[in-house]
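Colleague: Listed here are the chains, written in short residue letters.
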Amino acid sequence: MQDTLTKKIFDVDEVRKDFPILNREVDGKPLVYLDNAATSQKPESVINAISDYYSNYNANIHRGVYSISIKASEAYENAKIKVKEFINAESEREIVFTRGTTEAVNLIAYSYGLENVNEGDEVIISEMEHHANIVPWQVLREKKKAVLKVIPVNDNGELIIDEFKKLLSDKTKIVAVCQISNTLGTINPVKEIVRLAKEKNKNIAVIVDGAQAIHHTKVDVRDIGADFYVFSSHKMYGPMGIGVLYGRAELLEAIPPYQTGGDMISTVSFKGTTYNDIPMKFEAGTPNVEGAVGLTAAISYINNTGFEAIHKQETELLEYATEQLDLIKGLRIIGTAKEKTGVISFVVEGLNALDIGIMLDTSGVAVRTGQHCTEPLMDRFGIPGTVRVSFAFYNTKEEIDIFVNALKKAIEILR
Amino acid sequence: MDKTIQEIENEIVDEFSYFDSWQDKYEYIIELGKKLEGYPEDKQTNDNKVKGCQSSVWLVTDDEDGRIIFKADSDSTIVKGLIALLIRVLNGRTPDEILNAKLEFIAKTGLQQHLAQTRANGLAAMIKQMKMYALAYKAKQLN
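Protein sequence lines, in the order shown, are assigned to chains A and B.
Number 647 marks the last residue of the first sequence (the working numbering); no jumps.
Number 145 marks the last residue of the second sequence (the working numbering); no jumps.
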């Protein structure tokens, strides 16, 4: 699928036809999919691109001299260019494909972290991070006897930037924060965070976890100014199993490989091995060509829909759902940041989130319950877990009505 | 005890067959959960906790003439309802009866399909814990 020059006029009914799964039923009721922060559904163009790849030009890439291998190699390299343009990186050399956001963070922690963080050095993360942006830094802390500092969150679920300023020190080597919280929907001022870190010391590496941002808002990595920016394809309407690590070329060149094997080498002999150039240096083994092809189609889909239309629809849904939920007695929304995107976490007094989730499922409504891989954040708010609904541009107000009515009924039964 | 484990399991399968939808089935489980009582509050400790991902379950046992009495609680009403079903089947049984119980009602009611695939509810962990208690009692009796 090519990017069209003129954007389609946004019509949610038309958009929904692009996503085959949205037409299915659960237990005789239409599926209302409100777990988009966990993974997004896939448009037909993505599904077709993957099918086309396997039907017509599946081959291992980079070394084949025959036509379908050349075509597959081209598709893989084109995916990098597509991603580069999508996030406005300077060069496709700065785009490393990983298995997903989690692997990308691990790569930075192991490669950049082990190389640059020493005993007593400090890594700053935030209280609202996903476990994927906590645990790799804890491992680094153990390995290097480093110090992990945490930016606190206020009662609205916003980062306390004044506290961040106080945490920055001469020992700070890494700052790693999410652009959007997967649990609260809070949009963090990542550009300001980068600026503050760089003002303290331009050598502090700033990593932005963009897993929840990349599909909601236009990301410009050079405007944000981060050294590394990471995200997953599957949250942005692309396939699972592929993600992106953007890193500034000069940093990627300076750090060692993360895994080793085929494709990441230049020459191999038993005396020694020289590594390939970036980004291949970080891509050991046969890459996920299917994923790259699907991701390319997903980016085209987003480009053709346009962030303006996506943002408008998602904001309307967020505002409408928030209004409706505020009317329910005993319901408390966790995360009331001024800058917020299409995620609502909530608790209902006296009721267990799991029970609510199971009852919503019996009405065909798919939501997430529990801690959302953010256990420290749950502790911060003193709650065992929440029910979380998260929207995509293909959701409708009618779906929110179905959800709210099902929720009211679930509360009535459970009380 | 008058009825065998098998007979009680059959009763449960029968009861569930009256409901057409999962909504109704869960409504029934919720009613059972609300009625489950008798767990001593001072025993809601970590030692008595069965690990589930999204709910806490507490389980203790008593021994009456070589038969095991389970008492359990949870912060999830649905999980409490599931516990009520397990207790109905397994309470007052000998360790051997509990160890040999196949608990086929879970599959036959469709609960298996609905619940067992996700670790969220801790159903599997709960059954395992009940059997562990039975095994411990059996070992104690043999000594």
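There may be inaccurate statements among the hints.
[Unchecked claim] Here are the simulated SDA-like cross-link-like pairs (lysine to any residue), alpha carbons at most 20 Å apart as the crow flies:
| # | chain 1 | residue 1 | chain 2 | residue 2 |
| --- | --- | --- | --- | --- |
| 1 | A | K261 | B | W24 |
| 2 | B | K37 | A | T449 |
| 3 | B | K51 | A | E607 |
| 4 | A | K316 | A | T449 |
Treat the hints as calculated values from the structure; they're not laboratory data.
If you're wondering where the values come from, they're calculated on a predicted model, not measured in any experiment.
Colleague: Confirm or reject each hint.
Modeller: Results of checking the hints against the structure:
no.: 1; hint: A:K261 x B:W24; result: holds (12 Å)
no.: 2; hint: B:K37 x A:T449; result: violated (49 Å)
no.: 3; hint: B:K51 x A:E607; result: holds (19 Å)
no.: 4; hint: A:K316 x A:T449; result: holds (16 Å)
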